[in-house]
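As a plain string of letters, each chain reads:
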Amino acid sequence: MKTVRVLIVDDHRLFRSGVRAELGPSIQVVGEAEDVESAVATIAELEPDVVLLDVHMPGGGGVEVLRRVLGSGAQVRFLALSVSDAAEDVIGVIRGGARGYVTKTISGAELTDAITRVADGDAVFSPRLAGFVLDAFASTEAPPIDPELDSLTQREREVLRLIARGYAYKEIAKELFISVKTVETHVSSVLRKLQLSNRHELSRWATARRLV
Amino acid sequence: MRPRAGRVVAGVAQGAAAQLRLDPVVLRLAFVLLTILDGVGVVAYAALWMFTATEQTEHPHGSRDWGQVAAYGLLGFAFGALALVSGAAAGGLAMWPIAVGGIGSLILWQQAEPGRRQKWMTSTVGRVRATWVRSGIGLLLVGVGVIGFLAAQDQLAQASTGLVFTAVVLGGVALIAAPWLAGLWRELQRERTERIRQEERAEVAAHVHDSVLHTLTLIQRAAHDPREVTRLARSQERDLRNWLYMPKQDADATLAAAVRRAAAEEEDAHGVPIEIVCVGDCDLDDGLRAMVHATRQSMVNAAKYSESPVVSVYLEVEPGEATVFVRDRGKGFVLDDVPDDRMGIRQSIIGRMERFGGTARVKTAPGEGTEITLTMKRTTP
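Protein chains in written order, with our numbering: chain S, 1 to 212; chain W, 1001 to 1381.
Where hints are given, some of them may not hold.
Calculated pairs, DSBU-like style, for lysine-lysine (alpha carbon to alpha carbon, straight line, at most 30 Å) [said to hold, decoys possible]:
#  : chain 1 : residue 1 : chain 2 : residue 2
1  : S       : Lys104    : S       : Lys174
2  : W       : Lys1363   : W       : Lys1377
3  : W       : Lys1331   : W       : Lys1363
4  : W       : Lys1331   : S       : Lys170
5  : S       : Lys2      : S       : Lys174
6  : S       : Lys170    : S       : Lys104
7  : S       : Lys174    : W       : Lys1363
8  : S       : Lys181    : S       : Lys104
9  : W       : Lys1304   : W       : Lys1331
10 : W       : Lys1363   : S       : Lys181
11 : S       : Lys181    : S       : Lys170
12 : S       : Lys170    : W       : Lys1363
13 : S       : Lys181    : W       : Lys1331
14 : S       : Lys174    : W       : Lys1304
15 : S       : Lys2      : S       : Lys104
16 : S       : Lys174    : W       : Lys1377
17 : W       : Lys1331   : S       : Lys104
18 : S       : Lys181    : S       : Lys2
19 : W       : Lys1377   : W       : Lys1304
20 : S       : Lys2      : S       : Lys170
21 : S       : Lys104    : W       : Lys1304
22 : W       : Lys1304   : S       : Lys170
23 : W       : Lys1363   : W       : Lys1304
24 : W       : Lys1331   : S       : Lys174
It is worth saying that the hints were derived from the structure and are not from the lab.
Work out the full structure, taking the sequences as your base and the hints as a guide.
Given below as structure tokens:
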């Protein structure tokens, strides 16, 4: 198996070294960065496969890194990693272009798995993110502007429900009698809708959840 | 400060004018006019003369412009004659408040600390000068006053004369005091905002102290017991998260809040993390309350018997019904092997759900973990 080159972007030094120690042998940590500026510079210099991106950082946070790196057309994949599971942060960073979102309580083995998946171009949804997506896409009564992008298919809903229930991709495949690859396709498709849908409801929903 | 140079009588008007940044002629005319009305001007002049210090200069014998003295004297005589002829001096009752107020404020002005006076000046006079609008309104008020005065002289509104003048005086005072009052108001607002901010900071500090610091102390004491440390850290994390990100919810009113509270309590009681995801929410009714109880029992079973490192709970509220999934990746069991006298699954979960018209499904196999699915029709919005 080819090793995945990873850059860790986090403003907590202790956390960076903790993650470094926990990751499996298939992951090679090529560098670390501690704020937006150094992250953007290091990504350009090292061209890692996957960037582990903290959401809250000095200088604009993970969203700012995403904006600047992806805005420049770089082909690098981001996995957001945060202590926060506020809807605003989760939805914000996914819409900013991250291919997945996991919380920092994740175990080393699970994180290794998630990094590998992101490196392969798949999406990584935590149960909570799946819950947020279901909630966000269900909470509107207004007819979708773009039906293809603004609503989930029955199958996508089923997959998300199972993720929310704590099922791993393999278990979902077994439960729905489909292949793991198909599960990954559904999740990636949901990710695309999440990123591209223009519905105001998504952002509004995320903000409202915080404020109610 | 009364200057020695350029004074007409004792330099009172000049000194006051310098402080008010007005032309001394205006004040001199005012004193002359006030003198005509029951001699108030003389009293005011005398009072200010007494209360005002003389400017210390190196030329003790300043020049006095006798020509000006004569001019003001003549003017005074002319006005006085006019007043006597027209009877204006007799209507002096209404003028007393102005005179007294004017003298009072002038004395106050003189007595105030130079620093504070400077502050008043910058907040009052500076803005008065800057805004022509205010000057315009002032002129208008004076005009109204003059017209009212004339009208009163013609006996047109004798009864209301006092009222009119009081209004004019109040208007004038308000105009002068407005910038200062506005400044005071802004200051008060600023202090209020600052106080609210401090209260918020105090609340955060109190919360951090009561919860986070307390837990950190407990963790240090329990450092030898990894399970207890995890439980403490986890419970504190949940607490802090709720406080930071969660809207305040009434756990006795809505389904999601009730399920969250049950999960938190069982997590604390058994030391097994319970991951909870809620989609949608609704008010509780009897059936949903029974479902919360059944959910709690399912979580207890998973935490106590499954040996799973984590329990996942997923609540979904749909238009017609609510569903809860409680899942563990523990050892699982064979449902038919559970003895009939074991109340947990059969009575507390399945029996309870069915009594309220809901369903409970148990999916388990040895080594496969367990998932309990609870479904209940909802009647509430």
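Evaluation of the provided hints:
1. For the suggested pair S/Lys104 and S/Lys174, the alpha carbons sit about 28 Å apart, so the restraint of at most 30 Å is met.
2. A C-alpha spacing of about 21 Å is found between W/Lys1363 and W/Lys1377, which places the hinted pair at or below 30 Å, so the restraint holds.
3. For the hint pairing W/Lys1331 with W/Lys1363, the CA-to-CA distance comes to about 12 Å; that is within 30 Å, so the pair holds.
4. Pair hint W/Lys1331 plus S/Lys170 holds up; C-alpha atoms about 18 Å apart against a cutoff of 30 Å.
5. At most 30 Å may separate the alpha-carbon atoms for a hinted pair to count; S/Lys2 and S/Lys174 meet this at roughly 27 Å.
6. Among the hinted pairs, S/Lys170 with S/Lys104 is consistent with the structure: their alpha-carbon atoms are about 23 Å apart, no more than 30 Å.
7. For the hint pairing S/Lys174 with W/Lys1363, the CA-to-CA distance comes to about 14 Å; that is within 30 Å, so the pair holds.
8. This hinted pair checks out: S/Lys181 and S/Lys104 have alpha carbons roughly 26 Å apart, not beyond 30 Å.
9. Restraint check for W/Lys1304 and W/Lys1331: the C-alpha separation of about 12 Å stays at or below 30 Å, so the hint holds.
10. Distance check on the hinted pair: W/Lys1363 and S/Lys181 sit about 25 Å apart at the alpha-carbon level, within 30 Å; holds.
11. In summary, the hint linking S/Lys181 to S/Lys170 is supported, as the alpha carbons are separated by about 9 Å, within the 30 Å threshold.
12. For the hint linking S/Lys170 to W/Lys1363, the alpha-carbon distance of about 18 Å falls within 30 Å, and the restraint holds.
13. A threshold of 30 Å between alpha carbons decides the hint, and for S/Lys181 with W/Lys1331 the separation of about 28 Å falls inside it, so the pair holds.
14. In summary, the hint linking S/Lys174 to W/Lys1304 is supported, as the alpha carbons are separated by about 27 Å, within the 30 Å threshold.
15. Under the criterion of a C-alpha separation no larger than 30 Å, the hint pairing S/Lys2 with S/Lys104 is consistent with the structure, at around 25 Å.
16. Between S/Lys174 and W/Lys1377 the alpha-carbon distance is near 29 Å, which keeps this suggested pair within the 30 Å criterion.
17. This hinted pair checks out: W/Lys1331 and S/Lys104 have alpha carbons roughly 27 Å apart, not beyond 30 Å.
18. Among the hinted pairs, S/Lys181 with S/Lys2 is consistent with the structure: their alpha-carbon atoms are about 19 Å apart, no more than 30 Å.
19. For the hint linking W/Lys1377 to W/Lys1304, the alpha-carbon distance of about 29 Å falls within 30 Å, and the restraint holds.
20. A distance of roughly 22 Å separates the Cα atoms of S/Lys2 and S/Lys170; the hinted pair therefore holds under the 30 Å criterion.
21. Only pairs whose Cα atoms come within 30 Å are accepted, and S/Lys104 paired with W/Lys1304 is accepted, the gap being roughly 26 Å.
22. This hinted pair checks out: W/Lys1304 and S/Lys170 have alpha carbons roughly 26 Å apart, not beyond 30 Å.
23. Our distance criterion of 30 Å between C-alpha atoms is met by W/Lys1363 and W/Lys1304, whose separation comes to about 18 Å.
24. Pair hint W/Lys1331 plus S/Lys174 holds up; C-alpha atoms about 19 Å apart against a cutoff of 30 Å.
Checked against the numbered hints given earlier, this structure breaks none of them.
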